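Given the coordinates of chain Y, assemble chain V onto it according to the supplied hints.
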Amino acid sequence: MREPFIIIEPNRRERHYWLELWQYRELFQVLAWRDLSVRYKQTAIGVLWALIRPLLTMLVFTFIFGHIARLPSDGSAPYALMVLAGMLPWTFFSTGLAEASNSLILDTNLISKVYFPRLIVPTATIVTAFVDFLISFSILIALMVWYQFLPNWRMLLLPVFMLAAFLTTMGPALWVTALNVRYRDFRYVIPFIVQFGLYVSPVGFSSSVIPEQWRLIYSLNPMAGVIDGFRWCILGGQSHLNLTNLTVGAGVTILFLWLGIRQFRKTEKSFADLI
Amino acid sequence: MSDTIITVENLSKSYLLGHKTAQREPYVALRDVITREVGNFTRKAIDLIHGRPIVQGDEIEEFWALRNVSFEVKRGEILGIIGRNGAGKSTLLKILTRITEPTEGRVLLRGRVASLLEVGTGFHRELTGRENIFLNGAILGMTQREIRKKFDEIVAFSGVEQFIDTPVKRFSSGMYVRLAFAVAAHLEPEILIVDEVLAVGDTEFQKKCLGKMDEISRRDGRTVLLVSHNLAAVSELTHRALLLDSGRVALDGATMDAVSMYISKARGAANYVHAIDERTNAIHISRVDVITSDQNGVHRFGEPLEVKVWIKHDRPIPKACLFLQIINQFQQLVVQAWALDPEVQFGNQKGESLLKCQFPSLRLNVGQFYLRVLFREEPHGNLWERLDGICPFEVIRTDKTTPWGWHPEGCVYHEQWHWILGFADEEKKARKPRLDAKRLPQPASSKKTTSTAN
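Chains Y and V supply the protein sequences, listed in that same order. Everything in the first sequence is counted per our numbering, starting at 1 for the first residue and increasing by one. Everything in the second sequence is counted per our numbering, starting at 1001 for the first residue and increasing by one.
Isolated chain Y (complex conformation) (with noise of 0.2 Å):
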């Protein structure tokens, strides 16, 4: 067997930082699969919780958007559905920035006592995000079922918007996650960030209502790039992807993305005399 070689020196640039993070890929599944099989630990309903959130928030927002407000939906699609399929990449969203941003101090004595690539920790923690976003999707095929609402050939596209929404995940949670850990007031700021973010994307309402002068302003929300996509892939024909607004949504993805990585490597190496 050949045997590795390390140095350690101050500063040292591992060359081999993604080579690295993929021969730990297995402790990558242990800690998915661990955060996966304790989240419903010892709860009465056990995975029941991934549908029921979902489902109620979608009741009350197509009630209040949709009934009150009397929001339009896109084109000919049910407001439910329309919510739904917002709310699903939100959801997503919100629960993987959660999730992430205090993943880290949550296993401070992993990090304080044994060495593996950082990144782990936050990006395990999004895989559950996914696993309860498909147990959720469950809700949407029920619920096309009782509106007979026949898909067409866009949905196959899904996978590359869920991908999106991952990408679109990843850069602010690795950013506030190695924040948090020098911060701890960004424990705090996220549940602000996601209530706040809940009203100004496109979740409880079709992106159609925003004036067109507002549009490219609106798409710097990157999520709501993601959320039309979603959309536009479920509800068939019956919306519409402005392509300039979904450019600007994924290059502020990208962004977020080079800032939260180049953020979370230039701190990683200090976490354990932080944390």
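Careful: at least some of the hints might be erroneous.
Some residues of chain Y that are not near chain V, with every Cβ distance over 12 Å (derived) [said to hold, decoys possible]:
1) I7
2) S37
3) R154
4) L179
5) V189
6) N221
7) F271
No farther apart than 25 Å at their CA atoms in a straight line, the calculated lysine to aspartate or glutamate pairs in the DMTMM-like style are these [to be verified]:
8) K266(Y) with E1062(V)
9) K1312(V) with D1257(V)
10) K41(Y) with E1126(V)
11) K1208(V) with E1077(V)
12) K1074(V) with D185(Y)
13) K269(Y) with E1104(V)
14) K269(Y) with E1061(V)
15) K1212(V) with E1072(V)
16) K41(Y) with E1385(V)
17) K1208(V) with E1061(V)
18) K269(Y) with E1062(V)
19) K1356(V) with E1394(V)
What the hints contain is simulated information worked out from the structure, not anything from laboratory work. Note that the structure is predicted; figures quoted are calculated from it, not measured. Glycine is no exception: its CB is placed at the ideal position from the N, C-alpha and C atoms.
Structure of chain V alone, referenced to chain Y:
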């Protein structure tokens, strides 16, 4: 292939301690940072222009946890690392295990490193024993295939087969530790780093751990770095030891020499004072004083001995338990005293507590002694502090002489006794003329006592 498996060259690690700033806390509040940032902005900008490193804080002190440490370790060697609290042992291990980065110097490691800085790292209370074996194994660097291969062996070693599918939160603490060590013992790294693992568990289990460690290095030719406060364990397991003192290597040589130097170094300062007290607010022992009958840590046989322990705690410590142990020069535990809540009430509010332990008449045989203090949460809770090799003192006897003199090797303790001379034939007649030969006088209570501290 070189025979040297670890090369450490001029390793240094400094921490910047900012005073009068929030840097004393492990983390800071954003509001504080903003206020300070405004004030420090100019200074930092100037520093930046001159290419100086930027640090937070108004008053900055550089604390060198490690300074120019160099050593080499050969394949299959067990190296002991000893030194008082704050000497840099833990920092050294954290650098070797890549948890933190050094400030200067470099380390070359030729092999896989696994560390046992704490038994059961990453165990999750809600998961079963079986699941935790996989989790812990992965965290310690085993592949899933390796774990599956060794699973039965691990379970057998731990002796908790019956409960393997029970969540570990229902385990007794003994079972928990046994399972955790079983996983760790089946690691197969070229270099194993062990820190203070022996602080937990019962004596039998500790023996098992020591045996396993010996086996790992002897049979498999693996290198072990053993860091411990347990001088007896270090003496038993290692032939070579590194004595660290204030971040420097004070001695790199035979374990016997390192241990005796460690004890004699401690003699210089009879009392223990927490090395970096400024930095921490967590529960810890801030000072230990031993008050002997004479000055310079000399204690006369039979005189009262007092030990004062100052404890700092940032919160109430209702289940606290303090063990005070006296160890002789042969690393034998000869006296143990304890303060257990609620018998002794201490730490019901945050702040500093002072506990005084009085031995009205210390009847230990002559020789060199030192203290070991364990401060923990009972039952089987956190170990807050473990101090070993502190407050050395010497016991002498001047009240009596013997034709052969007083020797530490003789025994550990002198009991009071008196001889009765009877006449064998008169015993039957129930006549008992007695000759009191009270060898040892009662400890005099009015003898002059001078304290060496305070």
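The hints, checked one at a time:
no. : hint                   : in the structure
1   : I7                     : violated, 6 Å
2   : S37                    : violated, 7 Å
3   : R154                   : holds, 39 Å
4   : L179                   : violated, 9 Å
5   : V189                   : violated, 9 Å
6   : N221                   : holds, 24 Å
7   : F271                   : violated, 9 Å
8   : K266(Y) with E1062(V)  : holds, 22 Å
9   : K1312(V) with D1257(V) : violated, 34 Å
10  : K41(Y) with E1126(V)   : holds, 7 Å
11  : K1208(V) with E1077(V) : holds, 20 Å
12  : K1074(V) with D185(Y)  : violated, 47 Å
13  : K269(Y) with E1104(V)  : holds, 15 Å
14  : K269(Y) with E1061(V)  : holds, 21 Å
15  : K1212(V) with E1072(V) : holds, 24 Å
16  : K41(Y) with E1385(V)   : violated, 34 Å
17  : K1208(V) with E1061(V) : violated, 44 Å
18  : K269(Y) with E1062(V)  : holds, 19 Å
19  : K1356(V) with E1394(V) : holds, 20 Å
Consistency with the previously given hints fails for numbers 1, 2, 4, 5, 7, 9, 12, 16, 17, ordered from lowest to highest.
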